[in-house]
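The listed protein sequences derive, respectively, from chains A and B. Each residue of the first sequence is one higher than the one before, counting from 1 in the UniProt record's numbering. Each residue of the second sequence is one higher than the one before, counting from 1 in the UniProt record's numbering.
The hints are simulated quantities; they were obtained by calculation from the structure and are not laboratory data. A portion of the hints provided could be inaccurate.
Which copy is meant is left open, so a pair is good if it fits within one copy or across any two.
Distance condition first, Cα-Cα at most 25 Å in a straight line; then the derived SDA-like pairs of lysine to any residue [said to hold, decoys possible]:
#1 K28 - T82
#2 K88 - S181
#3 K62 - N173
#4 K52 - G83
#5 K11 - G83
#6 K67 - D136
#7 K132 - K172
There are 2 protein chains.
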Amino acid sequence: MEKTSDVLTKKQILVATEETLRRFGIAKTSVTDVAKVLGVSHGSIYRHFNSKAELLEGVTEKWLIEKIIAPLSEVYLDSSLTGAALLKRYIQTLVELKHYYARDDEEMFQMYTRVTEQRADFIEQHIDHIVKQLADIITREGITSDQPAQLARTLFHATARFHHPAHAYEWKNPKIDQEFSDVWALLEHGIS
Amino acid sequence: MEKTSDVLTKKQILVATEETLRRFGIAKTSVTDVAKVLGVSHGSIYRHFNSKAELLEGVTEKWLIEKIIAPLSEVYLDSSLTGAALLKRYIQTLVELKHYYARDDEEMFQMYTRVTEQRADFIEQHIDHIVKQLADIITREGITSDQPAQLARTLFHATARFHHPAHAYEWKNPKIDQEFSDVWALLEHGIS
Chain A
1 MEKTSDVLTK KQILVATEET LRRFGIAKTS VTDVAKVLGV SHGSIYRHFN
51 SKAELLEGVT EKWLIEKIIA PLSEVYLDSS LTGAALLKRY IQTLVELKHY
101 YARDDEEMFQ MYTRVTEQRA DFIEQHIDHI VKQLADIITR EGITSDQPAQ
151 LARTLFHATA RFHHPAHAYE WKNPKIDQEF SDVWALLEHG IS
Chain B
1 MEKTSDVLTK KQILVATEET LRRFGIAKTS VTDVAKVLGV SHGSIYRHFN
51 SKAELLEGVT EKWLIEKIIA PLSEVYLDSS LTGAALLKRY IQTLVELKHY
101 YARDDEEMFQ MYTRVTEQRA DFIEQHIDHI VKQLADIITR EGITSDQPAQ
151 LARTLFHATA RFHHPAHAYE WKNPKIDQEF SDVWALLEHG IS
C-alpha cells in the first residue's frame, strides 16, 4: 500500500475530480486522470469510489450542497421576510441559482443534469431536503396548518419547469423570469 | 426521374418512415432504409425531406396530430363539461395521453423526446396549438376575462412536470396521478 493513499480523503479526491472535469470535460475524464492529478495509483481512488459514476455522484453532491443547499439555507433562516413572501423568495432563489449555474458553470451543470437522468434516487434526497425546508417555512409562518409537507412538494412540482435541469434550454428565453412570476402568482391566488 | 417518385406523397414517406423506425429503432434507421421499404431511390425521399432529421420531425408532427391533438380537440369540443372542470379535463387528458404513450409506444415517444430536445422551435408550434385551445376554453367558459392567453400558458407551464417528455422517468412512480391532482387543486384554489 502506498503511503499517499493512507492520508487521501474523499474530499481531496472530489476536489481533484472537479478540477479534472473542468479541464477535460465529463466524457474524457477517467479515474486514472484523477489519480494522476493526486499523484497516486487508481487503486487509491477505488478504495473510496467504485467507479467513475460514483465519482461524478460525489462531485454532484458536493456541488449541490455548496452551490444550492447552502444559499437556500440562508434564505430559510432569513428573518427579514415572512409568510408567503418568504416562501416565494426561497423558491425564486432556487430558480435563480439553477439559471445562473446553467449559464455560467456549464461543465458542472452538465454533470448534475447527467446524474439527475441516471440516478433519480440520488437526486431524490436532495429534493427531500428542499421540500423539508419549504414545509418548515409553511408551518413556521402559519401559511397553512393542513398538510404542510404535501403543499411543499406540490409547490416544488408546479415550479419544476424553472428548476429541473431538463428545462435548461428554456431558461435562455428572456420571458422566463416573467413566466416564473406568472406561475407563482397563480399558485398563490388560484384561477378564480 | 423514376416514375414511382412522381406519385410518391409526403404521407406515404412518413408512413414508411414510421414502419422503419418501429422495425430498426431511431439510431439504425437511414433514409436509404425508408427508400427500400417504398421501393424507390433515396433521391425520391430527398425531394420531400432534406435529411433524416427532417423525416423524424415529419413523423413526430404526424404522431402529435394523430395521437395528442386529435383526442384533445374532442375534449375541447365536448359540451358535457363546463367551467374549470372542462379546463382540468383538457389538461388531464394531455397528461394521460403522454403517460400512456411513454409506456406503451416507446419507440415513437423516444423520437418525440429527441425532436423536443433538438428542435424547440418545432415543438413550440405544437404547444401554441394547445395553449390556444386552453385560452378558448377559458374565454368561452368565462373562467376569467383577464388575459386568458396568459392564464392558458401559465397553466401549461405549471403542469410541465406531468406532460413534458423529459419527465417521463418520473411518470413510472405510482404517486404521479395523485401529484397531478394536488398541483391542479393548488392551481384552482391557490395557497391561501
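Right, here's what the structure says about each hint:
Within a single copy, K28 and T82 get their C-alpha atoms no closer than 47 Å, and across copies no closer than 56 Å, so neither meets the 25 Å cut-off. For the homomeric pair K88 and S181, the shortest alpha-carbon distances inside one copy (9 Å) and between copies (22 Å) are both at most 25 Å. Within a single copy, K62 and N173 get their C-alpha atoms no closer than 29 Å, and across copies no closer than 27 Å, so neither meets the 25 Å cut-off. Proximity of K52 to G83 under the C-alpha cut-off of 25 Å is found in neither arrangement, the shortest distances being 44 Å within a copy and 53 Å between copies.
Within a single copy, K11 and G83 get their C-alpha atoms no closer than 38 Å, and across copies no closer than 57 Å, so neither meets the 25 Å cut-off. In this assembly of identical chains, K67 and D136 lie within 25 Å of each other by CA distance solely inside one copy; the values are 21 Å within and 43 Å between copies. Taking CA atoms no more than 25 Å apart as the test, K132 paired with K172 passes between copies only; the shortest distance there is 23 Å, against 29 Å inside one copy.
Hint compliance for this structure: hints 1, 3, 4, 5 are broken, all remaining hints hold.
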